[in-house]
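Asker: Sequence:
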Amino acid sequence: MFDGHRKLIGLMAFIFIFIIMITGVRLMSQAQNKTEKPPLHGKHWMAITGKPLAATAGAMIFMKGGNAVDAACAMLGAVCTMHDVLSWGGETQGLIYNPRTGKVIAINGLGVAPTGATAEFYKAKGYKYPPAEGPLAAITPGTPGALLVMLAEFGTLKLKDVLQPAIQMAEGYPIERETADSIEKNKEKLKKWTYSRQIFLTHPGEKREAPYPGEVFRQPELAQTLKKLVDAEAQALQAGKSRKEAIYAAYDRFYKGDIARELVRGCQEEGALITMEDLARWKVYIEEPVKTTYKGIEVYKLNTWVQGPVMLQMLNMLENFDLKAMGYNSVDYIHTLYQVMNLAFADRDFYYGDPYFPPEEPIKGLLSKDYARERIKLINHKANDPDIKPGDPYPFEGKENPFKHYLASWSNRDCQARPEDEARLEISMRQGTTSIQAADEAGWVVSLTPSGAWVPAVVAGKTGIGLSQRAQSFVLNEAENPFNVIVPGKRPRATLTPGLAMKDGRPYLSFAVQGGDTQDQNLLQLFLNIVEFGMTVQQACEAPNITSYQMRDSFDLHQCFPGKLDLNEKIPVEVREKLTAMGYRIAVKKYTSGPINAIYFDWQHGTFWGGSSNYGEDYSVVW
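Take any residue in the sequence shown, note its place counting from 1, add 154, and you have its number in the numbering used here.
Simulated from the structure, these hints should not be mistaken for laboratory data.
Since we're looking at a predicted model, the values are computed, not measured.
Be careful, since some hints might not be right.
[Stated by the list, open to error] Once the Cα atoms are required to be at most 27 Å apart in a straight line, the calculated DSS-like pairs of lysine-lysine come out as: (1) K197 - K218; (2) K218 - K279; (3) K398 - K381; (4) K361 - K395; (5) K616 - K410; (6) K341 - K616; (7) K445 - K395; (8) K478 - K445; (9) K657 - K449; (10) K197 - K279; (11) K343 - K279; (12) K341 - K361; (13) K644 - K518; (14) K523 - K558; (15) K536 - K523; (16) K381 - K616; (17) K279 - K257; (18) K657 - K518; (19) K478 - K197; (20) K523 - K257; (21) K518 - K543; (22) K410 - K314; (23) K345 - K282; (24) K644 - K437; (25) K279 - K644; (26) K437 - K257.
With the hints as extra help, turn the sequences into a complete structure.
Answerer: Below is the structure:
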């Protein structure tokens, strides 16, 4: 009898302890899953971008019945009106999933080097690279064309509706602190250029010459330019043209009409090289993206005129490792990521360039799974290799490498930054931009990364349009990168790199991030956080990332810092110490994850999950 009681009591105690244990695990799990920003859930549509006002612009368009392309274009117009990280004279790169065709398409809205912009021209002026700012850094505007083409081809609303938020903002909006302070910081540079000075320095001669945070910032010239686009559409519609034809009438007015004439006049007044012929010849390309597969997931990126394929190369290499077994942000995991980045970015630095210009980039070889397996044989699993070189992808597409003679002498030592340049290099590597994500219940998905013409930008005449500084991303020396030497009409190899992933024939993840050369590093880790470590999209956006500075900076002096590694403060001290012993130069940061914006598609429940990093001004509106 007593034995029976003891057994019963023992069983009840065991059940009680088991319940306590399960509850404790559950509570711990809930604590671990908590994020600084709440995850967002939507059913009908989602709009995410780097500025709250711009996200609201996207929501306004959705409320008017627009699709995700319409909303993305409205957000693009709004962020271009806010200036700190881009302007209307910049560039826009995008990926769009078209539910009607079931295909992912690429939008190439990158401007080109103008007439006269040759390597010899810049060398004669004493430049090692094209300058980082000013009129000689300017390429042709790409963003207006990209917006108009996306809207014409895949949107549903009129340009008048889509540009309304941007026009209202140009007429006056309460400027945010980030932009206002950026103007004040760069005011001496802005004073060099007539129209920049007139627009940005609203308190000339005062101690603070830039607008104050919250001050209504007005851009009447830009408002007038945008209204001219709307007027061109209206006139075309009155003449019996279709919606699409009317939007292309606005396109022609910008690149061939009176807007173009004033833009060119203003450019040349300040010393820029852009001509009417440059604008008229330039066009937006709707392209086939490049892709790879990782554990059954198709990952799409833009071609070699941006750095996008580098993420695909990294995924091809990483699928040969058991990352989950290594453990999230373990010594082995971080070291493996860093070395794979070394290998992929060395290839980027030598082989990527405009595919519309010779020589032809070996993209097939670069994205070969066999090439990836060959590259990872070079990894030293015990120490960092500070001088990884580009590989030779040509044999993997059955060709002979015509530039093999450059590879032997190519070295990161040629671009290594001095210790005193470290802070400048960090800023340059993370050169700001923004990102835009949009999705709707009809199945349209848009991932955009616009940039260019950030403060300090040269404003082109009375257009209110700031000019892109992207010419600085070219090189002048063929031995450095034979595919990215500046030539008139050529696109520079940019850092802009939206991402879109498909699984089982349906959208899986739409993702993009700001941050120059760090973009694909952040996006790679976001993707792995979700696929390998089971994080939600918001957890993945906030999770501690690592940052390498071993690749060549795409801006300014094109420097690198081999072995420099940013770690999040949450990484344990013992991990930091072991990595230091492996040859890394560690810097510990509070935030290392973005700012990333992403949408995860939950097909089980028919909903969207939205995520944004836990710092920056990135914001979303969802319904």
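Asker: Next pair to validate is K343 with K279; report whether the Cα-Cα distance is within 27 Å.
Answerer: OK: K343 and K279 at ~20 Å, within 27 Å.
Asker: Hey, K437 versus K257, does the alpha-carbon distance stay inside 27 Å?
Answerer: At roughly 22 Å apart (the allowed maximum being 27 Å), K257 and K437 satisfy the hint.
Asker: For a C-alpha distance cap of 27 Å, please report whether K381 and K616 respect it.
Answerer: holds (14 Å)
Asker: Are the Cα positions of K197 and K218 separated by 27 Å at most?
Answerer: holds (17 Å)
Asker: Within a Cα-Cα threshold of 27 Å, do K478 and K445 meet the stated pairing?
Answerer: holds (23 Å)
Asker: Check the hint pairing K657 with K518 against an upper bound of 27 Å on the C-alpha distance.
Answerer: holds (22 Å)
Asker: Hey, K523 versus K558, does the alpha-carbon distance stay inside 27 Å?
Answerer: holds (21 Å)
Asker: Does the structure keep K536 and K523 at a Cα separation of 27 Å or less?
Answerer: Roughly 24 Å separates the two Cα atoms, so the pair holds.
Asker: Would you check the hint for K616 and K410, treating anything up to 27 Å between C-alpha atoms as holding?
Answerer: OK: K616 and K410 at ~16 Å, within 27 Å.
Asker: Check the hint pairing K657 with K449 against an upper bound of 27 Å on the C-alpha distance.
Answerer: This hinted pair holds, its Cα atoms lying about 10 Å apart.
Asker: Taking only the CA atoms, is the gap from K644 to K437 under or equal to 27 Å?
Answerer: holds (12 Å)
Asker: For the pair we were handed, K644 and K518, check the Cα-Cα distance against 27 Å.
Answerer: holds (21 Å)
Consistency with the previously given hints fails for numbers 2, 4, 7, 10, 17 and 19, ordered from lowest to highest.
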